[in-house]
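Start counting the sequence shown at 1158; every next residue gets the next number (our numbering).
Think of the hints as simulated: they come from the structure by calculation, not from any bench. Honestly, I wouldn't trust all of these hints.
Claimed, not checked - DSSO-like mimics (lysine-lysine), calculated; alpha carbons at most 27 Å apart, straight line: (1) 1191 to 1220; (2) 1220 to 1176; (3) 1176 to 1191.
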Amino acid sequence: MYQLTLTIPEETVLALNVKPEQLQGEVLLAAAMKLYELGKLSSGAAANLAGIPKVVFLSQLAKYNISTFKLTEAELIEDLARA
């Protein structure tokens, strides 16, 4: 396992309106969601990064308006044609 140390300004913590002990979870969840959104991590890998169950991760995506549906329109049409 790798360990990463971040320096986060106090103003950022205040702006996020989280307790300092909740900060690590918030930052990991945000990173996991963005990496998932960019297609760099699967939902399972992103949930693992965030340290939460996959079901909880997927519900958090909805809370932040990040789609769990990754098919393009063309892929969807192709899937429907094969059904």
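How the hints compare with the structure:
| no. | hint | in the structure |
| --- | --- | --- |
| 1 | 1191 to 1220 | 13 Å, holds |
| 2 | 1220 to 1176 | 20 Å, holds |
| 3 | 1176 to 1191 | 22 Å, holds |
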